[in-house]
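Quick mapping for you: the protein sequence lines, in order, are chains Z and Y. Using the working numbering, the letters of the first sequence correspond one by one to residues 2 to 354. Using the working numbering, the letters of the second sequence correspond one by one to residues 118 to 680.
Keep in mind the hints are simulated off the structure, nothing from the lab.
If the Cβ cut is set under 7 Å, some of the chain Y residues that face chain Z in the computed set are:
(1) 416
(2) 447
(3) 450
(4) 454
(5) 671
(6) 675
Take a look, some chain Y residues computed to stay more than 12 Å from chain Z by CB distance:
(7) 159
(8) 303
(9) 380
(10) 381
(11) 496
Since the structure is predicted, the reported quantities are computational estimates derived from the model, not experimental observations. Even for Gly, the Cβ is constructed at its ideal location relative to N, Cα and C.
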Amino acid sequence: MRVLFVYKYLTLGGVETVLRARLDGLAAWGIHSSAWFFHDLGGRSLFQHRDDAVRIGTAAECARHSRNFDVLATIDTEEVLPPLRRVSPRPALVVECHSPYLENLEYLRSLSQDSPRAVLVPSHHQREIVRQRIDTPTPVRVVPNPLRAAFIRPLGEELPLLERPIVAWIGRLDELKNWRGFLEMGAALLDRCPEVELAIAGKPVDDRGADELLAAAKATKTLGRLRWLRGLPHDRVPALLDLVRASGGVVVSTSRGDSFGMTVAEAMARGCAVVAPGEGPFNEFVRHGDTGSLYDPTDIVDAARQVEILLRDQELRVACGLRARDAILARHAPDIALGHLAGELRRLDSQPA
Amino acid sequence: MLPAEPSNRAGDLAEEDLARLRWELVERELRHRVEQYELQRELGVASDEIARQAQAVLTLQQEMRTLEERTRASGLELTGRENEWKERADKLSEAWATVQLLREQRDVAVEQRNDVARRLASIETTLSYRLASAFWRLMTRLVPATGRRRAAYRLVRRAAERVVGSPTRTVAAPDAEPAPAAPDLLGDLLRFEERVHGTGGTTAVVIFATTALRESEGQRPTQIALELSRRGIPVVFCYWRWWPHEWCEQDRLDQGIVQVPIDLVVQRPELLAGLLANRPERLALFEFPYPGFFEILATLNAQGWITVYDVLDDWQEFHRVGQAVWYDEDFERHIIHAADAVFAVNAVLGERVEELGGRSVAVLGNGLAPGIERVQQPHSLARGEVTVGYFGYLAGAWFDWSLVAEAARSRPGWMFYLVGYGGAADGVELPPNVTLLGKQPQSELAALAANWDVAVVPFKGERLAAGADPIKTYEYLAMGLPVVVTGVFPPPGGESFVRRADDLEGFLAAVEHAAREPREKVDARRSFAAACSWGRRLDDLFAATRSGEQRVGQKLALGADAR
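If we strip away everything but chain Z, and leave its shape as in the complex, we get (with noise of 0.2 Å):
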């Protein structure tokens, strides 16, 4: 069997990391697996030593390369999808769609004409956004994200408990992923907990990024306490977390949207205490009091609250990182993770057109 996989960017970007481990891990299932990209930009030295399987160019002729495979399947890039339609014999199309960001997902609403076999999503709430739109009675599947390699490995020693503990925060800083909130939580717990540090790991989205976390942190008066990791590179951040769970620190999450929460699901694999809002996609895999804290969505205060509780009680902490870890990696690891969607993508191609 053979699946071509399409995303626009080729970056060293998070989708850009699963795309590798799905081409060293399918083949393990028997699926010969390529990736086609619109825009290189800089994302090459991901791929080493798998040249063969990666292609740039345009989506039509990405449409006509497709002949040569059983299955297509676009994560987010709905530009494929029209010179598709004009290919013939077309390859069984699957559409996995990751992006929280509902303007990215309005493309949903017409996809009856191009018939996909399924939608694939990494979590029930995303099925939820996507059957909300998708105007086909096409089957939207669950498939659990895959995490990488360097979250997995042992947590090995721990390190040596650090002077303060470390409250980090990883994602994008824009509005959806609500980083103000994070600073107004830090604002409250600092009141409770004076000797905290706050951590933001992540990279504003445009010039004014900056500015603005600045003055949102003079405003909320943590700047004092907050040591910004601008643009952390991603195999950076394993090490990070093993700092925030050697401080006796947590990982919060303060987003309005997300359609898994990968930030969330890496720190419970390095066995990191985590709080995150108490909706989904969050709740469906961090229980809470039992694998980290959820807190009201509503009521900023409530994280701070969660949080200050995990950082006072040692042996909580401990045992809800451990226990995430455990939960995490049963359905999250990446030979795991590999198996289910090899499994999806077998049936979907074994389905009559």
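On the provided structure of chain Z, position chain Y as indicated by the hints.
Here is chain Y on its own, set in the frame of chain Z:
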């Protein structure tokens, strides 16, 4: 039976013995002759050998004489060459001094140019300039440089000049020579990286400095940059400028230093953060808490640079007295917290950093540049009963003009020499025994100070001065001078060489006492200063960061996976 003829037999025996003895004698004689012959032969051989050796000795003696002559000649030549080399070394040293002097003059010229550019920029914003420019543009369009209209214009103009006289041109034509191009940040950094790429080494340093790299002013960031350069460590020297017209010559690339304006660097943080990525040890020294560093500090932190906040002044106090207008206490708290390590030049500033939330701040004093104490060219000054001197910045914010004036009035027999720049005795009348020598090249300072009995640091007893660790204190000591200070503190370990006074009487007493100190203390002062070199300071800095002190260990742990 009778015995047979015994006497005959005895005679026979005697003859036989006699004959045997004769033969033995003959044999012995023969043997002796043979031996004699052989000895004579050997003697002959030995004599020949002696004669040959004697000849060889003669030859050797001859050779020795020749060699001695040559050695004498070589000695003479060597002495000649030695003298020649000494002359060349002197010339080289003079040439270096000239280079330094020219550099300092160039710096002054650049300052003046920047000042002119600044004034020009402010003129360009005036309404009259803009109107004049618009007029010239219009005239250029209406009356092109060639053609009949221009000829007609010239005729009219000449006629008008005959009537009202020739006007003096006061406004530059809009097509005058354009302002110098802005520094090319990307190009400069790329060229620099290419240049240092093959030089080996594992370390690179970025310095965010309050001033341009001016050796003549000898500021801490400059001295650190020069010391790093001496060690072969590439340096990106990011300098502050008030106006976009100000820029520095790229004149230290051969020393491994590239100079770029801070305002350009902070606009493109990735450019700097990605520089020299192949070097495992990259340090960024922030020499002041400018809020514009927010983004680049975060970028460098994310990209594995070890970030250091080097606290060299009480910026809050500068801000309070109307300087450091950019200062923001919230941001200083941030940089103290977000940097991997914080160093302060003295304990007073260290305590202040702790007040702002810092923990485990290390004191890293100022230092001494090599060679500052050498007198290049003697320069004599008139001496007083006691000759007192000062060199350095003369800013009214901390320089105590009143104290100097009062001290000079109280001791009219003393002479006070003030070498420096950056301020004047506004509102303070200086008595005639105070001489202002203006800004002098750094290479001249030792020659001037050689005339002094006591060197002073007369700063006001306020918070601003208390946070300073004047570099000049180390320089005075290196020149062998006793030092009297007010407002500031002696460097740690230097208390026996530096007297501190609190008021005029204390100051006068301390100077009198210092002037009487025995000559033997000169060496001790010099030794103390030598132990405070910038090299030692850098050793301490690197020792702290390499052993993961403060929060550097966290940074190293963060980069461990990526490496």
